[in-house]
Amino acid sequence: MTRKRANKKSGNKKTPKKNNLKYGLILIVVLIIAAGGILALTSSNNANKPGEDFAFYDLNGNVGHLSDYRGKVVLLDMWATWCNPCRYQMLELRKAYQNYSHNKLEILSINIDSKETIQDIKDFIDTYAQYGYPLEWTFGKEKDSLDKYLKGGGIPTLCVFDQQGHLYFSKTGLTFFSKEDIPPNWTGDKTTLKEKIDELIT
Amino acid sequence: MLNAIQTLAAQPSVTINPTNPSPQSTLTFTVALSEENILGAWLEIQECNGNKGICYPKQNLSMEEKSPGTYQLSVTLQHSDATYMQYTIKLDTPNGWEEYFKETKVTLSQGNNGGSSNNKNNAPGFEIIGLIAASVIITMLLRRRR
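Chains A and B, in that order, are what the protein sequence lines are. Reminder that position 84 of the first sequence reads as 84 in the working numbering, one-by-one numbering, no gaps. Whatever position you read off the second sequence (first residue = 1), add 1000 for the working numbering.
Hints are computed from structural coordinates only; laboratory data are not their basis. This structure is a prediction, so every number in the text was calculated from the model and none was measured. Glycine included, every Cβ here is placed at the ideal spot set by N, Cα and C. There could be a bad hint or two in this list.
Taking beta-carbon pairs under 8 Å as the criterion, some of the chain B residues facing chain A (in silico) [stated by the list, open to error]:
no.	residue
1	Phe1029
2	Gly1040
3	Trp1042
4	Gln1046
5	Cys1055
6	Lys1058
7	Glu1065
8	Lys1066
9	Gly1069
10	Val1136
11	Arg1144
Calculated lysine-lysine pairs in the DSS-like style (CA-CA distance at most 25 Å, straight line) [what the hints assert, rightly or not]:
no.	chain 1	residue 1	chain 2	residue 2
12	A	Lys49	A	Lys190
13	A	Lys141	A	Lys104
14	B	Lys1090	B	Lys1102
15	A	Lys151	A	Lys49
16	A	Lys196	B	Lys1102
17	A	Lys148	A	Lys190
18	A	Lys196	A	Lys151
19	A	Lys194	B	Lys1105
20	A	Lys115	A	Lys95
21	A	Lys171	A	Lys141
22	A	Lys95	B	Lys1102
23	B	Lys1058	A	Lys151
24	B	Lys1102	B	Lys1058
25	A	Lys22	A	Lys49
26	B	Lys1090	B	Lys1105
27	A	Lys115	B	Lys1105
28	A	Lys141	B	Lys1058
29	B	Lys1105	A	Lys148
30	A	Lys171	A	Lys104
31	B	Lys1066	A	Lys122
32	A	Lys148	A	Lys179
33	A	Lys151	B	Lys1066
34	A	Lys141	B	Lys1066
35	A	Lys22	A	Lys95
36	A	Lys115	A	Lys171
37	A	Lys104	A	Lys115
38	B	Lys1066	B	Lys1090
39	B	Lys1058	A	Lys171
40	A	Lys49	A	Lys95
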């Protein structure tokens, strides 16, 4: 009887610890749900936000805006003439431009080197044309700073904006058009332009 | 023929020390010129990662005239993940800018590099909640055992 009482007493002693554990777990679950809720709210607010915008100079010296292309998926390609991977990137962008309707997709190749001129860009495009690779999309020079899209400053950096101008995807480094274009020995990121465009253009 | 010899004579020579550089090493570029009427020499240098297909912003650096016809500059490479660099020597002449060794590629030895990366894309995010939750549970279990 005494032992039973003693057991009961020790059992009663354990109860607060058990309760602590229970309340702790409940608290964690509540925290996780709350964080999830905040995340969902943030993303739904983002959908209602107006799309992003920036200005650039086109090859005629006129000012263009990202917002001029609302309703289209926009590939923003940040590059410079001296950058070897950027040169290769042009060929991959060309495949994208050939594979989608221009009513649905636009490419903006914006040169981000302040020392390069519009004439440098025109010469660059001419060289491609001479080799049978005309680059027919929109080219330009940086007007508004694009630093916020340049992760770590490396180029080429590609950003994909959805039809409302929201940033959907961005990546620094050469991006191939499709899985078939990736060389077998490629060790870099294998995300392709095609898969990202297809997610936005059905 | 004479013109060709003059052109060759005008061609500067460049030496890089160390000859087999690695990422983040300090390089000394020395340019020797046979022409005397050079107003200045500049070094354009860019670092790239060929595995990822990335180039980092180009640096345009003024070289110091060490002696008549000899320009020198020490530069420290900045990117630990660079696999090659390219350089161009630009000379300021009375006739304007002249470029030499345009985009000459130098492969960077990876032997001394610990393989660290400047990749900052893996910033902690929502998964930190899981980490906190796991820490709390472990702490509680340990307390319970005591």
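Checklist entry - In ascending order, which of the hints set out earlier in this document are inconsistent with the structure? => result 1, 2, 3, 7, 8, 9, 12, 16, 19, 20, 22, 25, 29, 31, 32, 33, 34, 35, 37 and 40
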